[in-house]
Amino acid sequence: DAGVTQSPTHLIKTRGQQVTLRCSPKSGHDTVSWYQQALGQGPQFIFQYYEEEERQRGNFPDRFSGHQFPNYSSELNVNALLLGDSALYLCASSPWIRRDQPQHFGDGTRLSIL
Amino acid sequence: DAKTTQPPSMDCAEGRAANLPCNHSTISGNEYVYWYRQIHSQGPQYIIHGLKNNETNEMASLIITEDRKSSTLILPHATLRDTAVYYCTVPYGSSNTGKLIFGQGTTLQVKP
Chain A
5 DAGVTQSPTH
15 LIKTRGQQVT
25 LRCSPKSGHD
35 TVSWYQQALG
45 QGPQFIFQYY
55 EEEERQRGNF
65 PDRFSGHQFP
75 NYSSELNVNA
85 LLLGDSALYL
95 CASSPWIRRD
105 QPQHFGDGTR
115 LSIL
Chain B
7 DAKTTQPPSM
17 DCAEGRAANL
27 PCNHSTISGN
37 EYVYWYRQIH
47 SQGPQYIIHG
57 LKNNETNEMA
67 SLIITEDRKS
77 STLILPHATL
87 RDTAVYYCTV
97 PYGSSNTGKL
107 IFGQGTTLQV
117 KP
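Protein sequence lines correspond, in order, to chains A and B.
Going left to right, the first sequence walks through residues 5 to 118 as our numbering numbers them.
Going left to right, the second sequence walks through residues 7 to 118 as our numbering numbers them.
Quick caveat, the hints were computed from the structure, so don't treat them as lab data.
One or more of the hints may lead you astray.
Some chain A residues near chain B, calculated using beta-carbon distances under 7 Å [stated by the list, open to error]:
id, residue
1, Q60
2, A91
3, P106
Just so you know, even glycine gets a beta-carbon here, dropped at the ideal spot from N, CA and C.
I would like the entire structure built from these sequences, with the hints used as guidance.
See the structure below:
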């Protein structure tokens with residue numbers, strides 16, 4: 005039973021570029037959440053997708069956008085990259101209908117902005 | 007937003023119990039408390055969660071105070087592989103699949 009998988013594992017971009025990160029949820033999960041984790045900090049919630057719609061959003065600018073596909077996989081897009089966007093980007097999945105069940109995390113994509 | 011407070015670091019001798027405290031005084035009545043740990047910048051690994059009652063699984067035990075304003079994660083026999091950052095989290099939002107609020111966690115160092 006595969007857990008949450010993310011790709012790529014590492015990525016290097018320059019300021020002003022755009023990036024797309026991908027996530028496949030754990031089998032049986034239909035809800036995907038994205039988090040940003042800066043070095044030495046706890047993860048910060050970006051947004052959550054269920055039924056291909058953004059359900060909740062954290063305090064992130066519109067440069068951060070997402071998408072969920074019918075197979076529940078998801079993408080995180082970041083436009084006009086800034087140096088401060090360098091971080092570990094984590095995807096987590098959970099079952100919407102079982103709201104007590106924990107979110108399960110992937111190992112993340114390490115994004116470095118030069 | 008509901009938030010959590012944890013000590014920044016703790017030490018524990020190998021083989022002894024590690025007791026990691028967390029304050030979550032603004033938690034709502036139907037919000038669960040979730041514990042995760044993170045090793046070497048891997049993704050957070052789920053440990054245990056609870057609402058009101060104490061919980062135990064193969065990894066740890068969770069003790070929640072009666073007023074639900076704090077909890078303690080117990081690793082009964084800590085090993086060197088338990089060295090990690092431990093996060094106590096609560097969800098924010100109308101459902102428990104809402105965003106998780108992470109603090110800076112507790113860095114647990116298990117020493118031989």
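Now for the hints, and whether the structure bears them out:
A distance limit of 7 Å between C-beta atoms decides the matter here; for A/Q60 the minimum to chain B is near 6 Å, and the interface restraint holds. A least Cβ separation of about 11 Å between A/A91 and chain B goes past the 7 Å threshold, and the interface hint is therefore violated. A least Cβ separation of about 5 Å between A/P106 and chain B falls short of the 7 Å threshold, and the interface hint therefore holds.
Consistency note: the structure conflicts with earlier hint 2 alone.
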